[in-house]
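Start from the sequences, fold in the hints, and give me the full structure.
4 protein chains.
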Amino acid sequence: MTKQMVTGIIGAGRIGKLHVQNIHRIPHMKIKAVSDISASCLQDWAASHHIEYITADYRDLLLDPDIDAVFICSPTNTHTQIIREAAEAKKHIFCEKPISFSPDETKEALAAVRKHGVKLQVGFNRRFDPHFRKIKTIVSNGEIGTPHLLKITSRDPEPANVDYVRTSGGFFIDMSIHDFDMARYIMASEVTEVYAKGAALVNPSFAELGDIDTAVITLTFANGAMGVIDNSRQAVYGYDQRVEVFGTKGSAAADNSRPTTVEVSTADVVMKDKPHFFFPERYKEAYVEEILQFAEAIQTNRETACTGDDGFQAERIARAAQQSLALGMPVTIEHTEKIVF
Amino acid sequence: MTKQMVTGIIGAGRIGKLHVQNIHRIPHMKIKAVSDISASCLQDWAASHHIEYITADYRDLLLDPDIDAVFICSPTNTHTQIIREAAEAKKHIFCEKPISFSPDETKEALAAVRKHGVKLQVGFNRRFDPHFRKIKTIVSNGEIGTPHLLKITSRDPEPANVDYVRTSGGFFIDMSIHDFDMARYIMASEVTEVYAKGAALVNPSFAELGDIDTAVITLTFANGAMGVIDNSRQAVYGYDQRVEVFGTKGSAAADNSRPTTVEVSTADVVMKDKPHFFFPERYKEAYVEEILQFAEAIQTNRETACTGDDGFQAERIARAAQQSLALGMPVTIEHTEKIVF
Amino acid sequence: MTKQMVTGIIGAGRIGKLHVQNIHRIPHMKIKAVSDISASCLQDWAASHHIEYITADYRDLLLDPDIDAVFICSPTNTHTQIIREAAEAKKHIFCEKPISFSPDETKEALAAVRKHGVKLQVGFNRRFDPHFRKIKTIVSNGEIGTPHLLKITSRDPEPANVDYVRTSGGFFIDMSIHDFDMARYIMASEVTEVYAKGAALVNPSFAELGDIDTAVITLTFANGAMGVIDNSRQAVYGYDQRVEVFGTKGSAAADNSRPTTVEVSTADVVMKDKPHFFFPERYKEAYVEEILQFAEAIQTNRETACTGDDGFQAERIARAAQQSLALGMPVTIEHTEKIVF
Amino acid sequence: MTKQMVTGIIGAGRIGKLHVQNIHRIPHMKIKAVSDISASCLQDWAASHHIEYITADYRDLLLDPDIDAVFICSPTNTHTQIIREAAEAKKHIFCEKPISFSPDETKEALAAVRKHGVKLQVGFNRRFDPHFRKIKTIVSNGEIGTPHLLKITSRDPEPANVDYVRTSGGFFIDMSIHDFDMARYIMASEVTEVYAKGAALVNPSFAELGDIDTAVITLTFANGAMGVIDNSRQAVYGYDQRVEVFGTKGSAAADNSRPTTVEVSTADVVMKDKPHFFFPERYKEAYVEEILQFAEAIQTNRETACTGDDGFQAERIARAAQQSLALGMPVTIEHTEKIVF
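Protein chains in written order, with my numbering: chain A, 6 to 346; chain B, 6 to 346; chain C, 6 to 346; chain D, 6 to 346.
To be clear, the hints were calculated from the coordinates, so they are not data collected in a lab.
Some clues are possibly wrong.
Any copy, or any two copies together, can satisfy a pair, since identical chains are not distinguished.
As the list claims (entries may be wrong) - Taking lysine-lysine pairs in the DSBU-like style, the calculated list, with each CA pair at most 30 Å apart, reads:
#, residue 1, residue 2
1, K254, K289
2, K95, K22
3, K8, K95
4, K277, K289
5, K95, K139
6, K289, K120
7, K35, K289
If you want it as structure tokens, here you go:
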């Protein structure tokens with residue numbers, strides 16, 4: 006039997022709780038403790054999920070010698086501080102996206118990770134989705150030739166609430182960042198230019214916050230290909246997640262997945278299932294797979310499937326998109342120096 | 006926290022091992038012991054699957070007071086004997102299909118189950134498939150009106166080997182029995198007549214055993230509807246599992262599910278994924294769900310989702326199909342007396 | 006320029022009028038005259054469709070030396086008489102299905118056709134549908150290996166009225182006959198046994214006429230394969246026309262065609278077009294193609310794409326299906342003697 | 006019977022010949038004459054297509070009092086001259102796209118059309134495609150609410166040859182112009198800003214001509230919505246023509262249409278038909294429908310379905326796209342003054 010990996014969860018919000026459930030399904034991983042600033046309100050949840058120890062102070066987890074790795078699921082503005090401390094405590098790190106709202110802070114945190122020789126994986130869960138992985142494989146194998154065009158559709162089923170959006174860092178760093186990572190992942194080429202159009206078409210309140218909820222983003226890649234991402238905070242029919250790559254030998258497209266294949270035909274309509282409602286359903290398998298691969302990277306001492314640099318580059322694209330939107334012009338991203346973490 | 010249900014697994018062949026894996030994924034269920042006549046060869050498997058106790062004698066499980074329920078996954082010809090003993094030992098019973106090769110033996114075993122007041126669920130896993138459950142719901146809700154026609158396609162990706170087939174009880178009781186149960190489940194009406202055509206078209210060796218590998222079976226239901234099942238032991242493109250119901254207000258059809266939604270278009274072809282290869286992939290969720298519902302039926306003292314009578318009736322249809330094939334004529338199934346277990 | 010072929014239309018009911026429209030679209034074909042017993046009521050229709058001559062007596066067409074070919078679209082009980090006279094008048098013959106209600110009468114009419122050396126094509130329009138032709142080609146090319154199973158679904162959108170049904174010759178000869186022809190066409194093998202189940206589930210009035218409106222028909226082919234046809238007079242979602250062939254190397258399936266590919270996703274439903282409403286829409290291209298091939302067969306002196314024997318054999322299967330339904334047993338069709346027309 | 010409309014065809018290249026075939030299929034339209042500078046080489050074609058009169062001088066058609074309308078299918082650089090003369094000769098005009106390479110010339114020609122009170126329809130055939138018309142209807146009916154995003158994919162199966170491209174006016178005015186018109190048609194809102202990225206990825210020869218073959222074009226609409234078009238001169242799998250609109254109440258998407266619905270499943274692959282090869286197949290019905298509607302606009306004295314202004318506006322967007330590509334920046338299109346023709 007493989008030795009069990011002992012983990013601690015920092016932050017028991019929506020995504021932290023999701024990771025807890027998934028780790029429970031993996032026989033060779035164990036949750037020793039959870040920290041959350043609202044720990045006192047989480048006693049029932051902890052009990053019903055077989056969590057033996059819950060604390061308000063994440064440092065309790067960093068001090069626990071049994072814990073091999075921590076999952077940082079706390080608010081983004083706490084990430085880099087925790088990363089630095091966790092690295093120093095020699096804990097491996099799974100960090101939710103984005104690492105931070107500032108590329109400089111991200112760099113500093115990643116330097117600490119490097120210094121202490123721990124593993125860090127960023128929570129770009131979509132890389133582990135079987136549909137998109139197949140697209141990646143097809144492109145990598147050259148089955149569609151040299152890629153010319155990439156199209157990503159990513160639309161949430163319903164807008165986050167205004168309070169969430171206020172501290173989200175903005176549309177591109179909060180939402181489109183997944184697509185920026187997907188673009189780099191699929192194309193295996195860096196983004197060199199971004200042009201972003203956006204508006205608050207779903208909810209005018211977002212405009213009052215200086216934010217948007219709908220966007221069309223054009224990307225140029227170092228390899229000469231072009232890409233386009235379309236985003237919306239509100240697709241009333243469900244979570245719309247599609248990727249298409251077009252190249253010299255053909256195209257590969259991943260459509261939405263749906264709960265069932267059932268088609269009903271009546272006098273009025275022929276209907277099929279709506280897409281999965283949101284990310285917990287759509288990326289159910291991907292959330293387990295990213296944890297399994299994180300554990301494997303640690304156990305085999307390999308690079309993680311989604312490195313600190315991956316997190317950093319996606320943040321740079323998000324920042325360029327913000328600038329482009331503000332300027333009304335395309336923005337260039339330099340890749341002169343290779344940043345190694 | 007719900008009290009854990011303690012189980013024992015009788016028979017660690019292909020299906021027994023599958024149940025072991027699935028029970029491991031359910032937090033409120035536990036496997037205490039496994040029995041298999043080849044226990045001595047299964048030490049490594051047991052160790053790697055966290056099985057603490059493995060024995061060659063299933064009676065060790067029946068004698069263990071900790072065990073609440075047993076999963077009977079041994080060869081069909083041992084089922085009724087074990088059912089009777091397990092019932093007497095007050096163990097709840099999950100029994101793989103078919104219960105036996107003889108309706109009379111099945112009745113006798115079910116009488117023991119009834120006498121001792123234990124729960125019994127038959128392993129008709131397809132009832133728990135989300136696609137087919139949705140069909141069932143649509144039909145039950147009257148969304149397609151009164152059903153007139155039922156169509157089931159059920160084709161294996163590759164034939165079982167000749168040794169397996171020799172002791173399988175024959176094509177209808179081994180393979181079509183799943184479809185007979187699906188027919189009763191979806192239509193909520195008993196089958197009153199069966200006409201079966203069949204031949205050994207895939208492998209002539211099956212004909213030498215007096216068996217077939219391809220069939221078209223016409224069913225008539227008590228409610229006046231008609232149905233047709235087509236079966237093959239070898240669909241080279243994968244496990245072909247479809248259900249369609251047609252009624253006065255429309256139709257509902259479940260297509261095959263596939264690993265991904267990816268579609269690749271090249272100069273030669275537009276292609277998509279083949280169906281899932283076989284039952285472990287296709288019915289992955291269903292195998293977990295059937296165990297969850299079995300546990301729930303015990304905990305809430307409700308009838309199981311797939312009762313002994315369901316097993317008995319499907320066996321009667323299988324036997325009628327065999328007679329029909331032999332006679333070259335339709336065979337009637339009487340439902341004059343309600344058998345209550 | 007190819008010489009124009011001059012035609013006369015006998016019977017201007019629904020199907021006769023459809024042929025008139027289609028012949029008008031073919032530059033190298035011309036309609037010289039139309040006959041119909043209700044000619045006096047059809048003056049306006051004739052004028053608006055550029056028909057110069059309309060008569061109550063089909064013999065006027067047979068006597069016209071300009072006319073090369075006649076389309077027999079009158080009621081079925083008039084077909085064989087007209088065929089015999091047309092053959093004697095040396096007119097080529099396109100005859101709607103079925104040729105007659107009696108295999109003996111059909112044989113006699115076909116003998117006249119043969120004696121006078123004219124061409125005869127039966128109006129099994131579905132042979133000319135691009136979807137089913139592709140299935141035929143795939144099977145012929147051996148792309149799916151040796152066929153084992155054939156499945157045909159053929160459901161009308163709404164029942165014919167009771168008056169029509171009264172003189173239709175019965176469900177099998179009126180409706181299923183298209184499927185019997187499709188079965189022979191696709192499988193390239195004769196049907197040797199038929200087992201038909203049927204009932205009046207849509208409209209009890211049909212039962213009063215001794216007829217049915219819903220059927221499941223099992224076929225056995227001379228090559229050992231099996232087939233099943235399901236029919237209904239009323240699919241409320243439209244004309245349901247599907248064919249699937251399954252063999253040693255795979256399967257080929259033609260789904261329904263629909264007016265557009267548009268898919269609409271809303272908060273309530275994901276919907277697509279219903280199938281085409283009925284045969285004029287579904288088989289729009291096929292109706293033109295069958296006429297083009299009829300003309301070509303005449304001009305190049307080749308066998309027609311759907312011969313008198315094809316009509317005769319389909320009628321034999323229909324009659325066997327009627328017998329099977331009446332007897333409640335499978336009925337054998339002998340193919341000892343090859344009938345050559 | 007409706008009076009026949011008499012037409013003359015100016016230019017018998019690929020598209021002129023296509024219109025000839027389609028007009029032949031319309032009973033109430035007639036072709037009296039065809040002009041082409043290579044008339045002497047077209048005698049055989051004319052004979053085989055029942056063209057009675059063919060001339061090298063289009064003015065022969067303008068002088069013929071029988072001719073009601075002309076189809077201008079000559080090279081683009083001849084369009085405005087012919088339009089002016091045809092308008093003066095009181096002929097109704099069907100003009101292929103684009104009207105000209107210069108918005109100023111286009112305006113001048115349209116002024117002549119207006120002055121002489123003749124009808125003009127531009128050959129944006131895709132407006133008449135049943136799939137895209139359904140999208141238009143759904144959007145117009147408000148079924149998907151307020152539109153936020155428009156996505157158009159338009160990829161040719163194979164690049165035009167270099168000689169053609171040299172005189173084509175450039176990628177945007179030659180190819181993307183169809184998509185610019187589709188954008189205005191579907192959204193019923195003018196384009197106010199264009200940002201175009203493009204490159205010669207398929208064939209470097211195009212770069213030598215200062216042209217491109219692949220593009221991603223972002224559009225902003227007067228109503229606040231955003232759109233994106235992706236174009237390629239070479240989709241090796243066939244003509245890729247898709248439109249999707251996303252709004253507050255849902256989305257509507259038209260997929261590619263394919264010759265048949267047949268799906269073949271083998272041990273290697275599950276495959277379906279490639280999209281139709283190119284525009285003659287894909288827009289077969291649309292080409293007939295645009296002519297029918299042109300004739301109807303004349304006969305009922307209504308505005309054509311695709312006016313001179315529609316042609317002019319699409320050309321303005323194409324020009325803006327060219328400027329954007331050259332500048333590397335978005336370009337604004339003013340709509341302060343309404344140009345009425």
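We went through each hint and held it up to the structure:
In this assembly of identical chains, the alpha carbons of K254 and K289 lie at most 30 Å apart only when taken from different copies (26 Å versus 32 Å within one copy). When the C-alpha separation of K95 and K22 is checked against a cutoff of 30 Å, the pair qualifies only within one copy, where the shortest distance is 24 Å, while the shortest distance between copies is 39 Å. Taking the closest pair of Cα atoms, K8 and K95 come within 30 Å of each other only inside a single copy of the chain (18 Å); across copies the shortest separation is 38 Å, beyond that limit. When the C-alpha separation of K277 and K289 is checked against a cutoff of 30 Å, the pair qualifies both within a copy, at 21 Å, and between copies, at 22 Å.
With identical chains, the CA atoms of K95 and K139 are never at most 30 Å apart, being 35 Å at best within one copy and 49 Å at best between copies. For a Cα distance limit of 30 Å, the shortest separation of K289 from K120 qualifies neither inside one copy, at 34 Å, nor across copies, at 43 Å. In this assembly of identical chains, the alpha carbons of K35 and K289 lie at most 30 Å apart whether taken from the same copy (19 Å) or from different copies (24 Å).
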